Amino acid sequence: MNVTITVNGEVRSASVPPETTLLVLLREHFLLTGAKTGCDVGDCGACTVIVDGKAVNACLMLAGQADGRTVTTIEGLATREGLHPLQKVFEETGALQCGFCGPGVIMSSKALLDEIPNPTTAEIRNALAGNLCRCTGYQKMIEGVHEAAEMLQSTTTPATLATKTPATPALAALPQR
Amino acid sequence: MKRRGRGIASMWYPVGFTVAANPSGAVVKVNEDGTAVVLTGTVETGQGALGVLSQIAAEALGIAPNDIHIVSGDTDTCPMDTGAIASRTTYITGNAIAAAAAEARDTLFEVASQMLGVKTSQLEAKDHKIQVKGFPARSAPIADVALRAHLVNGTPPIGSASWNPPTVPLDPETGQGKPFGTYVYATQIAEIDVDDETGEVEVLRVTASHDCGTAINPMLVEGQIEGGVFMGLGFALQEEILFDKQGRQLNPNLTNYIMPTTLDMPVVESDIVDSYDETGPFGAKAVGEPSLVPTAAAITNAIYDAVGVRITALPATAERVLAAIKAKRAMEQKQIPA
Amino acid sequence: MKPFGYVAAQDSEHAVALLAEYGKGAKLLAGGTDLLADLKLTPHPPPAVMVDISRCADLKGIAITEAGLRIGAMVTHSEIVNSPLIRDTLPALAEAALSIGAVQTRNLGSIAGNLVTCVPSMDSGPTLLALEASVTILGPSGRRTIGLADLFVGPRKTSLAFGEILVEIVIPKRNVGKPTGFQKFGLRKGQALALVNAAASFWAGEGLFTEPTIALGAVAPTVIRAPKAEAYLAGRPVTEDAMAEAGRIAATEAKPITDFRATADYRRDLVAVLVKRALLAAHGRATPNRKDIAS
Amino acid sequence: MADDVMERDVSVLEKERVAPVETLRRSDEALRLPAVAPPTALPLEPPLVPQVGEQTRAVGLRAQRPDSRNHGLGLTRYIDDIALPGMLFAKIKRAGVASARIVRIDTSKAEAMPGVKAVLVGSEIPVNSFGPSLQDQPLLAAPIVRHAGDGVAAVAAVTEQIAEAAIDAIEVEYEPLPGVYDAIEALKPDSHKVHGGDTNVYASKIIKRGDVEKGFAQAYRIYEGRYYTPGIEHAPMEPFTSIADWDANGRLTVYASIGRITLARCDMSRTLGIPISRIRVIGTVVGGNFGGKNEIRHEPVLALLAKKAGRPVKGRFTRVEEFVASTIRHAFTMDYKTGVTKDGRLIARQVRMVLDGGAYCSFSETTLGKACILSTGPYEIPNSLAEGYVVYTNKTTAGSMRGFGAPQVCFAYESQMDEIARDLGIDPIEIRVRNMFREGSISSTGQVLHSVKVKESLENAVKKFGWEARS
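Protein chains in written order, with the UniProt record's numbering: chain X, 1 to 177; chain C, 1 to 338; chain Y, 1 to 295; chain E, 1 to 471.
Just chain X, with the same shape it has in the complex (with noise of 0.2 Å):
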């Protein structure tokens, strides 16, 4: 079947046998191969992309599901004026070991971000609660997201901030389980 979906910007269609997921989309005929396949079933979210804002395990999505739709991975963040807030932490703090949930890590923190734009720690641990790391403890990023979430509001300017979707009520407001 065709699919097309704006990846990173760019309109692209594949032709794929319906069983194809969004993952092997990107990373077996767009060669994206930032998101990774961790376990394929939607625990580890290492293969986490944005999809019409929302974050989303592309293992678990077909790519007929994706068609028309609108898609973010880890190579759409930076731009050519240089690395989103949350690799240029990242990367500056050492919130990444291996690197290998790194992508999916990212990519959450970013919807959680674009919902959210100065979030509780319990609000990034919810957010992040998705993506499995079995090297730096989470520690790092949790502290990165909120380093990044302060960068991002000092660049931002108020009448910017007012446009932008207002934010959900905090899911910390929820009595915790």
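Calculated from the structure, these hints are not laboratory results.
Derived BS3-like pairs: lysine-lysine, alpha-carbon spacing no greater than 30 Å straight-line:
1. Lys-463/E with Lys-2/C
2. Lys-24/Y with Lys-60/Y
3. Lys-2/C with Lys-255/Y
4. Lys-326/C with Lys-228/Y
5. Lys-326/C with Lys-337/E
6. Lys-24/Y with Lys-157/Y
7. Lys-29/C with Lys-126/C
8. Lys-2/C with Lys-189/Y
9. Lys-193/E with Lys-245/C
10. Lys-455/E with Lys-178/C
11. Lys-27/Y with Lys-60/Y
12. Lys-245/C with Lys-157/Y
13. Lys-326/C with Lys-245/C
14. Lys-173/Y with Lys-157/Y
15. Lys-109/E with Lys-307/E
16. Lys-2/C with Lys-334/C
17. Lys-337/E with Lys-328/C
18. Lys-189/Y with Lys-464/E
19. Lys-24/Y with Lys-109/E
20. Lys-245/C with Lys-255/Y
21. Lys-337/E with Lys-334/C
22. Lys-255/Y with Lys-326/C
23. Lys-189/Y with Lys-326/C
24. Lys-27/Y with Lys-54/X
25. Lys-463/E with Lys-342/E
26. Lys-342/E with Lys-328/C
27. Lys-214/E with Lys-337/E
28. Lys-54/X with Lys-189/Y
29. Lys-337/E with Lys-178/C
30. Lys-245/C with Lys-188/E
31. Lys-214/E with Lys-342/E
32. Lys-2/C with Lys-464/E
33. Lys-328/C with Lys-255/Y
34. Lys-214/E with Lys-178/C
35. Lys-328/C with Lys-189/Y
36. Lys-60/Y with Lys-54/X
Treat the numbers as computed from the prediction; the structure is a model and nothing was measured.
Chains C, Y and E: place on chain X using the hints.
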């Protein structure tokens, strides 16, 4: 109701293989511009070894870590290395690289001694210069020295070395001997809450103080400690491969093999002990494996502190902790005279 | 994955038509979080064709209707978590949704997908059951509405006939705003499967348990109610002791199994604790005027 | 299964927008070219390149890792991100039974499948055994299966999907054998012997210092306890993956996410029966190791498949294989007996430990040795005796894992230390300080210790934590 507890555990851990030879070789080539290439047979497995090894080479050559490029993990191009195992990279590969860098530096000293008119023994490599000890103003940029070595003197500064920690085999009857070059030490303290109705243990924070000799890169040492506590926490409370009666794994997937998520990890307070081991490169030892060793005992000791039950079989799942609490209550009720 | 075909349905009617067209070889694909993972792991042959209903606009939406609070079948767990309407009227539903998987799976997985897996440990089930939700089913012969309890037949088995799809979940108007608590216990805090989950709901007019309902997950072949515990509470003064006793009674109503995750005994212990805590959580939300607002 | 896939009636599928089963016919073996180039202009400014300037020290800097920028950009090339032209995909069929004899393997259906380029069974491997100390592990079981994760046959095909279908099409007939699934059971004389012979014990260790019996006789109190720790999976986020590629001169290049390339090369040379110098191993960036990627797993199998097919072959473990067909941490059963004086000094300790080694040796000997040596804890104990045994069982092979037995014995010795402190009414900090190694202390093996910092670590931790003594 939640009950708070604290527990402590200390440990020791050796660096490198048990007696068996586990050498590392290294080649350091100083480029014409005073930067350097290091060849090592070890492989980056995520711990940041190549960064640490760059810093060791840079220190020995008096240049910056970013001036070093490492070529690694190729049996055709790299000298033999036993590999990323047994927390040996910083200590053993590091020693080999420091020695290889010193050899390359000696060539630079010979060239510089002609340029500066002093004996090689009076020279040191520092701040991207070869300079006279005690008279840093009398110096030559390392780039000039290197270029001269390559193109004028015809002595490209290349050093190679290998290192294997000295050991004494263990007596087969008694096990007496010197199995390792050196050891590292650590203490961790855990603070936890135990829910005495469900048995659930929540780790609130872990303080981890580790001796790793000189911390070549404290940021990476912290990373190892934080990751070690994570793995230790999984070992203490969650992780277990389960088998059925026919020897087949029951939970061979990340859905049912439970390891900590961000929501399960406490804050880790890292501390690096002031330490210097003269047998290691610039006083460094190791931190990779040891960081997970004491965590489980610190946590189970904290469980005892909180609810008075001793968990002797890991993992201390909520079910096991609750069972122990109930057994203790039953015992106490028996002991109360009617 | 093994080869299969794929076709996207435009709306629920189209989906029913496609199911009829492709017959037994067809399978509905909702969020895919369970189905695709299963397909990758199972040795069984895949369906011949996947009928993707995740894009059907008429299966979306959360709104108050004549009948009550309507949640479209394809509403994702994240949409429930973030719905101001649900957070305001039935925060326990949002808590239950938040306890499912992780952000990535909550963004994909749908409420109906969770219900029709019919696994006993589903986290959407207990709260909806405690709130006496009904489900609307669309099939070749039209629409029908059944109580949620009647959807659940057994582990991984629903009462949906072939060719039918679940289109919406409705919480009756009388229960919109009813104080409800949800509790879940898993082997870890993130990405946890429930060892036990429980929901409890009651009005606390005049300090008495009024219309109490209790539902339990992962302790029987399907999500179940705990009628004896409910009967014990009905009309009794709202006290913590009563909640604890209801928990103990509910534990006797549970029929848990022992598996590698936990023993039946431990699950029973958890039922007692979680029911009590769910009742406490509901009580925390009970305000005397709430019922008037809802009706 | 494969028949099912191949012969499925496709008429039902040939409807609008349904493009089914084409994969099996598709066989697009050509290398795909990139469709989307990353929009990042490289290198980024400011560059992460040599900067000449003042630099007083390199050691001690919180320096940025050289790989961190590529990590953050998703540009680090892990092995699964590498594809060679014409590369095939391999799958290994796992036994699924823990103890059996293979009576018959029929690979004919798999070989006949379109897209399948090579099939391999154990009998075709020149030297079908490997291991870092004992070479007791087959690459593909033949004819005895010793644990459920043992491979029994392998396939290389043009797609992963076809390879999967092909291993399903391989028929294996097993004769069930008795099995042993518990380390303590495995010690019994009448237990099933996993590797034949008269015992399942394949390594033992004694570390002995002083005279424990004398020590116990002098003790004020003696504490005894049994401690157990389970098997643990390394669970690196990157599954074990390798690529084998021959050149026309018969030189083999293996790309592998492996931490010990030199050992890997020796093992490959031995199993393939070719000189070490004809093999090049390129260790790719390892996506998490923790001891689980210290030795070969399937590389010679990939090499032989590649040789048969005349094309490079990649093999990537599924997450399930990562659990059942890699190694795990040894489960330990430890009996600790410790004699103490009235003021809490440890004067004698006897430790007996049994390690569940699983089906093959791997790094068991090293693990056992370290565990025995370290079993005293960081404490000076004049009389100590540690004896350890590692036994075969029909379970997943236990090998090296971060800590090599140290986490297991630390759990035991520090749990018991806590018990002793509480029983004697001594503060847990104080009892440790009284017994701890100091500069020049003698270890359990008689080694004189230098740069001993355990007391400092304890003091620092206590201070940082804010531990206050309770009365």
